[in-house]
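Engineer: Sequence:
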Amino acid sequence: MAERLRIELIQATTPQAKGRVERANQTLQDRLIKEMRLAGVCDIAGAQAFAQEFIELWNARFARPLLEASDAHRPWTKGVEALDEARARREERTLSRALTFSAGGKVYGVKTNGPGTALRGARVTLLHFQDGAMRVDYKNRSLPYTHFKTKPGPDPAEDEKTLDARMADLIAARSAEPEAQTVSLQGRG
Numbered sequence: 006m007a008e009r010l011r012i013e014l015i016q017a018t019t020p021q022a023k024g025r026v027e028r029a030n031q032t033l034q035d036r037l038i039k040e041m042r043l044a045g046v047c048d049i050a051g052a053q054a055f056a057q058e059f060i061e062l063w064n065a066r067f068a069r070p071l072l073e074a075s076d077a078h079r080p081w082t083k084g085v086e087a088l089d090e091a092r093a094r095r096e097e098r099t100l101s102r103a104l105t106f107s108a109g110g111k112v113y114g115v116k117t118n119g120p121g122t123a124l125r126g127a128r129v130t131l132l133h134f135q136d137g138a139m140r141v142d143y144k145n146r147s148l149p150y151t152h153f154k155t156k157p158g159p160d161p162a163e164d165e166k167t168l169d170a171r172m173a174d175l176i177a178a179r180s181a182e183p184e185a186q187t188v189s190l191q192g193r194g
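Under the working numbering, the first residue of the sequence shown carries the number 6, and numbering increases by one thereafter.
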């Protein structure tokens, strides 16, 4: 996404620079909790108020002047729709022979005016927008599609107590089976 928004990432290239970042993060994580404990913070509202105070104290102690004071931000001139498209999550799918693809536990079919044989096996790009909408692109054009089936989802995860109870039931059922067989065999003889 950074490339689509024309953002240049500056990576830490030396072990020393990477170490400084890691040490600062570890110090902040460790120091913040200790400072909150010393200040007697015990609820979320107090923590939020204290966080702003802590940031100001930390910056006063460790901040350094900028090497270059000019603003490096560039204005986005392409419009809101282009910004939404640049921020959309992308994933690739291959169309089946029936021009279907799966995404998010649902099966979709691409609509065509003709037989659509040229699209069989085609690689399409799904754009998932932040408002929940989805678009299917193929060679710089949008394809119309429709949702026609939802795949069954997995059973929700069970907690330990539920699993323990089910296992106890299974063990009890298995231990009761041989007794029933033994009784029935003795009754015949």
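Heads up, a few of these hints could be off.
Claimed, not checked - With a straight-line Cα cutoff of 30 Å, these simulated DSSO-like cross-link-like pairs (lysine-lysine) come out:
#, residue 1, residue 2
1, Lys144, Lys154
2, Lys156, Lys111
3, Lys156, Lys144
4, Lys111, Lys154
5, Lys39, Lys83
6, Lys156, Lys116
7, Lys39, Lys23
8, Lys111, Lys144
9, Lys83, Lys23
10, Lys144, Lys116
Calculated directly from the structure, the hints in this document are not laboratory data.
Engineer: Is the straight-line distance between the alpha-carbon of Lys111 and that of Lys154 30 Å or less?
Structural biologist: 6 Å, holds
Engineer: Keeping to a limit of 30 Å between CA atoms, is the pair of Lys156 and Lys111 held or broken?
Structural biologist: 6 Å, holds
Engineer: Keeping to a limit of 30 Å between CA atoms, is the pair of Lys144 and Lys116 held or broken?
Structural biologist: 16 Å, holds
Engineer: Within 30 Å, alpha carbon to alpha carbon, are Lys144 and Lys154?
Structural biologist: Between Lys144 and Lys154 the Cα gap is close to 26 Å, so the pair holds against 30 Å.
Engineer: Just to be careful, I want the Cα atoms of Lys39 and Lys83 compared with a cutoff of 30 Å; is the pair within it?
Structural biologist: This hinted pair is violated, its Cα atoms lying about 47 Å apart.
Engineer: Given the hint that Lys39 pairs with Lys23, does the C-alpha gap stay at or below 30 Å?
Structural biologist: Distance ~24 Å between Lys39 and Lys23 Cα, so the pair holds.
Engineer: Within 30 Å, alpha carbon to alpha carbon, are Lys83 and Lys23?
Structural biologist: 35 Å, violated
Engineer: Check whether the Cα positions of Lys156 and Lys116 lie no farther apart than 30 Å.
Structural biologist: Given that 30 Å is the threshold and the Cα spacing comes to 20 Å, the pair holds.
Engineer: What's the verdict on Lys156 and Lys144, does the C-alpha distance respect the 30 Å limit or exceed it?
Structural biologist: Roughly 28 Å between the alpha carbons, so the hint for Lys156 and Lys144 holds.
Engineer: Does the structure keep Lys111 and Lys144 at a Cα separation of 30 Å or less?
Structural biologist: 23 Å, holds
Hints 5 and 9, counting from the list given before, are not met by this structure.
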